[in-house]
Structures are given as C-alpha cells and as structure tokens.
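**Q** Chains as they are written, first to last, in my numbering: chain A, 1 to 224; chain B, 1001 to 1224.
There could be a bad hint or two in this list.
[As the list claims (entries may be wrong)] Incomplete in silico selection of chain B near chain A, CB under 8 Å: (1) 1022; (2) 1149; (3) 1180; (4) 1182; (5) 1191; (6) 1213.
Since the hints were derived computationally from the structure, they do not count as laboratory data. Computed from a prediction, not measured in an experiment: that's the story for all the values here. Just so it is clear, CB atoms sit at the ideal spot from N, CA and C, and this is done for glycine as well.
Protein chains: 2
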Amino acid sequence: MRFGVLGTGMVGKAIASRLVEVGHEVCMGSRTADNEEATSWASGAGDSAAHGTFADAAAFGEVLFNCTGGMVSVAACEAAGEDNIGDKVLIDVSNPLDFSHGMPPSLSVANTDSVGEQLQRRFPSARVVKSLNTMNCSVMVNPSALPGHHNVFVSGDDADAKKAVRGILGQFGWPEAAVIDLGDIKSARGAEALVLFWVFLRGALGDNQFNLGVVPPPALPSSA
Amino acid sequence: MRFGVLGTGMVGKAIASRLVEVGHEVCMGSRTADNEEATSWASGAGDSAAHGTFADAAAFGEVLFNCTGGMVSVAACEAAGEDNIGDKVLIDVSNPLDFSHGMPPSLSVANTDSVGEQLQRRFPSARVVKSLNTMNCSVMVNPSALPGHHNVFVSGDDADAKKAVRGILGQFGWPEAAVIDLGDIKSARGAEALVLFWVFLRGALGDNQFNLGVVPPPALPSSA
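So that you can see chain A by itself, here it is in the shape it has in the complex:
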C-alpha cells in the first residue's frame, strides 16, 4: 500500500521506516521539496522510499500519517491540500506540546479540544484516527521490545478507518488485544492529555523506553 507521512522528525522517520520495512511504499512530506532530513531518509531507505512536499506526500498516500508537531499540524495538513487528503484515513500521531515557556511543556490545545478534533473539523471528509501519540516513537513501531502487556489507543469517528488502523498497528507488531478503542474523535483529548502525564513519568523514570498497560488487560473485543 502507498503511505504519505507528513513530518520529518524522529516520529516521521520511525513511522516511515517501519512502513517500508513491512512492505509499503512511502513518500515523506515536508514544507519544502528539498528538506534535508527527508532527502537523507529517502536516500537511505531503499526503492520504496520517496520524499517531496506535504502535498506530494498527501497525493501519493492512500493512507496518511500526520507526524508533524501538534502545534503546526493543521497548517501542515492545509499545505498538504484538502483535495489530496480527501476522504483518506489520516492517522494523527501528533502532540501539541509547547516548550516555548520552558519545562515542563504545556499543551497548546487541551482539555476541551485536541489536535485530532481540530483536524477532523478542518477536513470533515478525512477519516481522522488519533493513535500512537502516547509513547516514544521507538515503542510505536516496535512494541515487542517492551516486555509484557501494554497498550495503544485509537480514537476516531469512522469504524472502518479504525479497523484499517488496527491492521497497520498489527503490522507494526501490536497484538490485536493491545489496541483499545477509546471512542470517537473527541476521545483524542484524553489521549493527548495523557502526554502531559507521560512527560513527568519520563522524567521520573529517566528513560523513554516504557509504556502503560491497562490492568487487568481488557478482553479482545468481539468485533475484532
């Protein structure tokens, strides 16, 4: 399948590399067509890897990942273009972390709204699914590196889109039972709030190689 990955940071590279690794074609998009990070990534990632503008990536992908910073995600997706996004599944991995006031960061949108909801409102035809934003990017794409039971969450209004995301998560190595459906896109504000907690927990643990598991582990949903 063809994927467009918006964003050239650690998260974008981790997601894009893992997608190529499991057999997909990926175009990594950035603000400019000659972005160094994207050029470097694409040149090292094999024949299935390309790069271009946000619009190039969005046009290329059948499914899109938003891996831009949450504070600029709406602008990045606007640059990608409403027509290119269309009614595609848009997996929103972003967090609106604002470090401009020092540590600890705050969220630029929070509590009564979320980036996931902003994207869904701005691109009503897109099928936005918030997922994977609650952990470090190396855990996102290699969950079995952590021992035992831990979870990833999906939020979105479209059941088929969430099912598609479950499939991709499975390719990343997430067991079906580890994927918890938090609800509609409004629940993205819960997933994004979790990141404020994550920041302090990361500080307390002195490490980002961790995740959270729900205890007791929820049973596999009958719809799965």
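Dock chain B against chain A, hints included.
**A** Only chain B this time, still in chain A's reference frame:
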C-alpha cells in the same frame, strides 16, 4: 495515628473506612457539623470514627486527606483553616472534574496548573502530596483486588512527606515498588491530566475497576 479526611463522597468514605480498618482514628469533615453522609459514616464505622466540620477534621488529624471535589478543594481547605492545617502532610486525592458542560467532563484547572499546586500555593506551610487521584476509589484502598502490576503516583515538594505517604499507601496494600515518585508538586498537573484520559478509558472499558501499570515495571528506587 489521627487522620482528618475532608470530604464525604465516595472517595472520602473509602479512604476514611480503610484508615479505620488499618488501625487509625479518623475524623471526617464536611461543610456542616451535621452532614448526613458524615454522620451516617461515623455511626457505622466504629469507635475510631468521628465527624465534624472541615475545621474539626483538620484540627483532629496529624495527617490530612483532601477528598473534596477539585473545583472546591481550595475553599474547603480555607474552611478547614490555615492554623489547623499548619505544616501537616496534606494528601490531595482530588480531581477538578467539571461536569457542568455535560460529557465528557473537562478540568477546571489544567495544563499549566493543578489543584495540587493551588493548594500548595494557598497553604505554603502545608506539605501537599498529590496521590491516588488516578484511579477509582475502590482501587485506591484495595489495590490487590486487581491482578498483576499497576501503579500509584506521588507528587510533592517535601521528601519526608512523600515518604510518609508511601507508608500510608503501604498500609492500604500498595507494594513499595508500585509507588512512583513523579517529582515536585508541579507534576500534579500530569497526574490530574491523566484523569481526562481515565474518563475515556473508563467509557471504553465499561468499568471502573482497572488501573494503569508502567511497562517495564520500574525497579525499586534505592531510596525506598
């Protein structure tokens, strides 16, 4: 030891009952001396249980629990009286959940502040420790009812106060290794943010008998 428990809701009753159960004396405080919930609780909880105003409870306790709703916690503690609170350990279990705009609730203070910090600022001599607010009250006082590894968090500026809280958590049944120190009182905003996530997770699971565990489980701190 003598405890003052501010609040007569489910959380206050669960905490107060468990404190009596493990051998402590408890005065449950509320806005009025003749609060029905507190009167009923005290009459059924044995000789170690009493009730009174917020001020009575705060004067009685050597250690205090704030189990009032987070939106009214500062006012409740003001009613308890700065002199009665003094430099006591004040364990803040509250969440500033605002249901006035319907579901899902929002937080009345969030992101760049927290009830824990509000209390610490208003009562600078008190030794505020945020804890236990990230789960249902039955899990707070009976953690072993859930199978396997799951965590409780402490946030506060005073190391001795956090050590005292660890002791109380141990009496409630929390293994020493399950208690994670999130940092100073500022980290209460992380613990309170987690509750926004908890609300959606509770909806997804259809149950409140769950908790979160950090994977991999952190090693016991050398200071413990």
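**Q** Would you mind marking each hint as holding or not holding in the structure?
**A** Each hint, compared with the structure:
The interface hint given for residue 1022 (chain B) is broken, as the beta carbon of that residue sits about 23 Å from the closest beta carbon of chain A, more than 8 Å. The closest approach between the C-beta of residue 1149 (chain B) and any C-beta of chain A is roughly 7 Å, which is under the 8 Å cut-off, so the hint is satisfied. Contact between residue 1180 (chain B) and chain A, as hinted, is supported at the beta carbon level, the nearest pair being about 6 Å apart and thus within 8 Å. For the restraint placing residue 1182 (chain B) at the interface with chain A, the shortest Cβ-Cβ distance is roughly 5 Å, inside the 8 Å limit, so the hint holds.
At about 7 Å, the closest approach between the beta carbon of residue 1191 (chain B) and any beta carbon in chain A falls short of 8 Å, and the interface hint on this residue holds. Proximity of residue 1213 (chain B) to chain A holds as hinted, the smallest CB-CB distance being about 5 Å (cut-off 8 Å).
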